[in-house]
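Single-letter residue listing:
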Amino acid sequence: MKSGRCWLAVVCFASAFKCLLVPSYHSTDFEVHRNWLALTHKLPLSKWYYEDTSEWTLDYPPLFAWFEWLLSHFAAAVDPKIVEVKHLNYESWQCILFQRLSVIGSDLVLAYAIKEYFSSMLQSGKGSSGREKLVTLSVLLLFNTGLLLVDHIHFQYNGMLFGILLLSIAKLKQGSVLCGAFWFAVLLNFKHIYLYVAPAYFVYLLRSYCFEKTGPSNWFPHLSNFLPRNLVKLGAVVVAVFGISFGPFIILGQLDQVLIRLFPFKRGLSHAYWAPNFWALYNFADKLAIRVGSYFGLSLTNVSGQALLTGGLVGDIGHSVLPTVTPFSTIVLTLLSVLPALFKVWCRPTDFNGFLRCIVLCAFGSFLCGWHVHEKAILLVLVPLSLLAVCHSSDAAVFVVLSTTGHVSLFPLLFLQAESLLKIILTLLYLMFSYYAWRSICCGTKEMKDELKLRVYQLPSIYLGGLVIIQFYCIVVHPLAPFADGLPFFPLMLTSVYCALGVVAAWFQCYVTMLKD
Amino acid sequence: MLGCIDSVVCILVLIADVLIYFPAVCVFCKMFCLKTSSLYKAAVALVMLLQPSLVLIDHGHFQYNCVSLGLTLWAIIGLGSGKDLLGSAAFVLALSYKQMELYHATPFFFYLLGKCLHEETIYRKLLKLSKIGCTVVGTFVLCWLPFLTTKEMAMQVCHRLFPFARGLFEDKVANFWFSASLIFKMRDIISQTRLIQLTVLTTLLMLLPSSWNLVRKPTFNRFLVALVNSSLTFFLFSYQVHEKSILLAALPLTLLLVECPFPGVWFHTVATFSMSPLLQRDGLSLASVAMLVIFVTASLIVFNPLETIWTKVMYTSSCMGMAVLQFGLNFLQPPSRYPDLFPVLISAYCCLHFLVFLAYFHYVQFSLDKPSPMYWSDQTLEDQTTSDVDKKTI
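In order, the protein sequence lines correspond to chains A and B. Taking this note's numbering, the leading residue of the first sequence gets 1, the next gets one more, and so forth. Taking this note's numbering, the leading residue of the second sequence gets 518, the next gets one more, and so forth.
Treat each hint with caution, since some may be false.
Far from chain B by the CB rule (all over 12 Å, computed), these chain A residues [what the hints assert, rightly or not]:
| # | residue |
| --- | --- |
| 1 | 6 |
| 2 | 14 |
| 3 | 57 |
| 4 | 108 |
| 5 | 418 |
| 6 | 477 |
Quick list of the computed label-pair ranges, beta carbon to beta carbon [what the hints assert, rightly or not]:
| # | chain 1 | residue 1 | chain 2 | residue 2 | range |
| --- | --- | --- | --- | --- | --- |
| 7 | B | 800 | A | 44 | 47 to 53 Å |
| 8 | B | 556 | A | 468 | 27 to 33 Å |
| 9 | A | 81 | B | 726 | 55 to 61 Å |
| 10 | B | 800 | A | 515 | 31 to 37 Å |
| 11 | B | 556 | A | 323 | 54 to 60 Å |
Hints were generated in silico from the structure; no laboratory data involved. Every value quoted in this text rests on a predicted model; they were computed, and no experiment measured them. Just so you know, even glycine gets a beta-carbon here, dropped at the ideal spot from N, CA and C.
Please take these sequences and the hints and turn them into a complete structure.
What follows is the structure, given as structure tokens:
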């Protein structure tokens, strides 16, 4: 079968399957986006970042607001009541159908970007292996369990945003640097979480585009190789995009307000449900120390004296035993964690895989050490990692384990019974597919297949087994346990800490691969 | 609390499906599929399991059709692999689970009768007949004994199972009588007893040709096509038919997807569409469209049904009609004089399709002697099953 037809079949299957998820549970994010449709439609530009009738204020950059404005016209045609600002929590079937279909439609951007990424490989005639990789990547991204759980059930627009990221990477791969930079700048103005990977882009573009390519490992390029014209071109593109996006607000003098809305640092180190990062382990160690301390008679409470093992609140809570963490220290730690990767890219400007790896490590670093990280940010690691995993078996092994860990860490987002079986089955199917697809693509010889089997069947499968046991406890045992009422946060904490161990191990593995390369 | 019960019911239907229907489909594909590649057989099994009407009714509307259809499928497998007694027992169980399986009863009866009559000596004929008869009666008695202790109880059971008092048709259904009554009101002209007699007579008459053909040449291929003919005849001409009864015709057509992909895929599209008023009431309209897209795309990949220009033209024009009617059903307000305009139009449209399918499958059944009827695969199932039984390759 031709690769175009295979890809089209996968897109049809994925879109139709997502239509089946329309009636499922949706979170408050649904109301968030409905509110944004309403306020961009009804209010003038000057009020967009000031409007707070609803608690879900606009906290994405301006281009996303323009996207919502565009959608709001269609929404108004479907049902005018959707775009009334005062209709808080409006949920007619037209509203649900419209919003769900808009997410499914915007996922086509991701589908297009995947095709674009492989277009050069397909055209150069790498035939069947290119087609296999196209179909595998299409299934792994369009049917990504994490994206299904977050976008099509919980409700967000990540599919489209990852599509733009992939498009920018594809353009860079094809050599259209300005195009790639343009799309990345657009992406940053859609959702600023992609700042996590901005350092990788910055270093790579500076080194590969603004300096002449003089050799494979030239860590200190000569100033004579500097190409100021390219820097100007690049800068112009980026500044133009930011100008179009933020310009109106700068003119209105609202830049401060926009920045406050975009970067709400008062929200605390961890979300109510801890993202499985380094700070989850840090929080857990702190609570454990308090418990151990109280066992030995030391009375240690945190700054506000709140209940500890039962709590998981959003807000600025300080630690008691371990030093309190400040936003500045998280930024410093994040930068420290990504510096080696950035340095490697700086030294090897022609290595595109190195750049991809750097994106993954930047996303990892920010996820592990960032301030107020959401668990959904693990997708930012998984999507670029899948691009690497298509070609390298060591990355494939990490991907199989990390994707499962990441998807399980998303389970607490969907806490209703109706979705319990669905999320488990989707995760299991994805795990099986990713493992077998990778085996057949990455491992040409029997030795490589055995090697992959060995790597996955040792420590990682023990870890995955532990994951199953923990989820069984959280979903089945804990709700029925007599002590459950006193410890509502315990299963969340357990999931969070255990997944954090897996994520840290995967990060370590990725770093080792990068340093060996 | 209610949410909990809903989840439990969902899971129970899923468990019943996985335990009974799924293995039956897999075993059928493994034993009777044309090509020997196991990847192809797995792909065929997957497409069969994705049959949209069954998935939507069982897991959307909530029924347990998968149990009776699964048991019938086990019965078909039994008959196909030569284990007639087990097959008959399985069919009696299916019948005792849901009396709608009577739609499939005549081909089972005539196929087994034909097999008996084709034995060499009279002794062997009688022996086979009595073995099958005993199995059937024995299984039947085992299932029904607790409910047939008194005559009143037996009568009440019959009354509940065959509610003739409910009328010629329950709701708008793609049935011949419903469509005919659009033109002249039968219920007003003819009395109820006469109507019952008329429908029984018509059904029996329509069943005769395919049953006679099956008795004379009892082969497995013919049996499958006769199942289609019988269930479609009952659906179109019988008394008190539900829209969901089309599932009974959909089962043998699912099995014949490999042999006749184009009519099979087209039939499933029409069958799912014929239930759209019911699905719309359950809020499953979008789900039905999505399931159809998944099923048709999967069939296009595995079977390639739309090879010639004629098949493409016929299927596309039929689908366009269905799309228009579906749009009307979901988004347009019918005129106040005809509030049920769209369900009625849908039923009439599907009835026309079903009559054409009935005629086509009668043609297929009668031309199975000659090589490859139109839209039928070149290698017949018959050759495969006899060679399989000979080589004992399962």
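Going through the hints against the structure:
no. : hint                       : result
1   : 6                          : violated (9 Å)
2   : 14                         : violated (10 Å)
3   : 57                         : holds (32 Å)
4   : 108                        : holds (15 Å)
5   : 418                        : violated (6 Å)
6   : 477                        : holds (17 Å)
7   : B/800 to A/44: 47 to 53 Å  : violated (38 Å)
8   : B/556 to A/468: 27 to 33 Å : holds (29 Å)
9   : A/81 to B/726: 55 to 61 Å  : holds (59 Å)
10  : B/800 to A/515: 31 to 37 Å : violated (55 Å)
11  : B/556 to A/323: 54 to 60 Å : holds (58 Å)
Hint compliance for this structure: hints 1, 2, 5, 7 and 10 are not met, and every other hint is.
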